[in-house]
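> Okay, here's what each chain looks like letter by letter:
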Amino acid sequence: MRLPRFEYLRPKTLEDTLDLLADHKDDARILAGGTDLLVRMKKGLLSPKVLISLKALNNLSYIQKNDGSISIGATTPLADIIASDLIQADAAALSQACEKVGAVSLQHYRGTLGGNVLQNNRCHNYNQSQFHRSGRQACHKAGGKICYARDEADRCYSTCQSDGATALMALGAKLVLVSKKNERTVDLADFYTNDGIVPFAMESHELLKEIIIPVKGGSSAYRRLAYRSAIDYPIVCAGVLLGATDNKIDKARIVVGAMGRSPLFLAQASSSLNGKDLTDNRAFKTAAYQAMDSAAPFAVHNVGSTLEYRQAMVEKMVFRALTAAATAAIAQ
Amino acid sequence: MEKISITLDVNGKLCELMVAPNDTLLEVLRDDLDLTGSKESCGEGACGSCTVHIDGKPVRSCLTLALEAEGSKIKTVEGLAKGDQLTDLQESFINHGAVQCGFCTPGMLMSADALLNENPHPDRTEVRKALAGNICRCTGYAKIVDAVAHASHPHEGCPDCRPYGRSESKGEE
Chain R
1 MRLPRFEYLR PKTLEDTLDL LADHKDDARI LAGGTDLLVR MKKGLLSPKV
51 LISLKALNNL SYIQKNDGSI SIGATTPLAD IIASDLIQAD AAALSQACEK
101 VGAVSLQHYR GTLGGNVLQN NRCHNYNQSQ FHRSGRQACH KAGGKICYAR
151 DEADRCYSTC QSDGATALMA LGAKLVLVSK KNERTVDLAD FYTNDGIVPF
201 AMESHELLKE IIIPVKGGSS AYRRLAYRSA IDYPIVCAGV LLGATDNKID
251 KARIVVGAMG RSPLFLAQAS SSLNGKDLTD NRAFKTAAYQ AMDSAAPFAV
301 HNVGSTLEYR QAMVEKMVFR ALTAAATAAI AQ
Chain V
1 MEKISITLDV NGKLCELMVA PNDTLLEVLR DDLDLTGSKE SCGEGACGSC
51 TVHIDGKPVR SCLTLALEAE GSKIKTVEGL AKGDQLTDLQ ESFINHGAVQ
101 CGFCTPGMLM SADALLNENP HPDRTEVRKA LAGNICRCTG YAKIVDAVAH
151 ASHPHEGCPD CRPYGRSESK GEE
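One line per chain: the protein sequences are R and V, in this order. Just so you know, the first sequence maps onto residues 1 to 332 in the working numbering. Just so you know, the second sequence maps onto residues 1 to 173 in the working numbering.
With the rest of the complex left out, here is chain R (with noise of 0.2 Å):
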């Protein structure tokens, strides 16, 4: 497949990026690992003038523990972020979102934390090659009035399927966003337009520089369900955080992802486990099944596999990651 024509450009500091960005906007595209947008590119949906690599710029690729929380440079590889003892040891479940993305050769060098945040909603009705498209009508998402996932829906239904940012969500991690004029700092869960089409609330001349994990204690894990462990996204997956004193849940978050337009926090379920204690098998069943019944609504049928089915394995991934951050709270 060959890709569409563009203009390269490799700017040398992160000044001449902004400055390019607010001057190309939405003609311009940010070329870190390449992994998603030289495929959606391939496939036609979407056509960039200008592809902005961040090749040059070495200073956005960083682990670095500071005060209380972790910064993460945008262009760090997933590579580096599995290898981290830091991660590893205070955000695990980051760690293990991250060797779940693809297979090692495909993203695991190439592929950036900051790419995988920021990787388009998906759909299997969207996501396919031009040729297929032809057959029919444009959807939401391709410009057009129609949605193929759910009938008569006067929106566009695409799916978040990045396992980074359902783990970043469980953490509560905050993005830095730089443009040329200002730098701004917003929670992951307040950076979801819930809006299929223009997932992220971010301009086009801002660039996401840095992610921040708070570092409060407690411990973290990650599960998923996808169709083959490597290559495929996520049908389902969920992220778990669980904060304890003698062994007493005193914070729990319950971050499902893949089900729908952003990663989904559930409050309820959440809140269900203050108080528990962590060896409490039925009270993380109880939590599950709340889980499931939030995060099913927002769900429709175009990642693959049933609907039903990803709806009741929202309740076993939910279980499976809450008992493996139990454990791992115990242990420590």
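Some hints here could point you the wrong way.
[Stated by the list, open to error] With a straight-line cut-off of 30 Å between C-alpha atoms, the simulated DSS-like cross-links for lysine-lysine are:
{"#": "1", "chain 1": "V", "residue 1": "LYS3", "chain 2": "R", "residue 2": "LYS12"}
{"#": "2", "chain 1": "R", "residue 1": "LYS43", "chain 2": "V", "residue 2": "LYS3"}
{"#": "3", "chain 1": "V", "residue 1": "LYS129", "chain 2": "R", "residue 2": "LYS55"}
{"#": "4", "chain 1": "R", "residue 1": "LYS55", "chain 2": "V", "residue 2": "LYS3"}
{"#": "5", "chain 1": "R", "residue 1": "LYS248", "chain 2": "R", "residue 2": "LYS25"}
{"#": "6", "chain 1": "R", "residue 1": "LYS12", "chain 2": "V", "residue 2": "LYS13"}
{"#": "7", "chain 1": "V", "residue 1": "LYS73", "chain 2": "R", "residue 2": "LYS49"}
Just so you know, these hints were derived from the structure itself, not from any lab.
Once you've looked at the hints, dock chain V against the given chain R.
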């Protein structure tokens, strides 16, 4: 679209060539440098048949722009053997019959080579993990996994491993 002059370090040789921004590394390797060992199959990073090494790490050449590979050391399947002298891994693939149609083999070799460079004695689980991104549609994975796991040291129980299996002097009999 303007072509850009770049120098690629492929298998230890410096190659100067003109590439378009939208040329992938795979296209340049196959069409301009005639290194047709790396194959294009899916073209979207799922199958692994285009795997090459960039700075010692296996990556998909179909999802790497040629321009992005500038300044890195690229190794393709042609760069494994030294002249006619095959590597242990390649010998092992032949001995184990780990080749059916052969289309996935260059990618399998490159992924396996990267694994063996880091871990010369992998167990089967590690091999399967390292090869998880390479698809073989002949579904001959068992032989391939054996070939990689036994590449650096012949396995006593394995009938395909020399010197325990078929004798070297088979041709003379």
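> Which of the listed hints are broken here?
5
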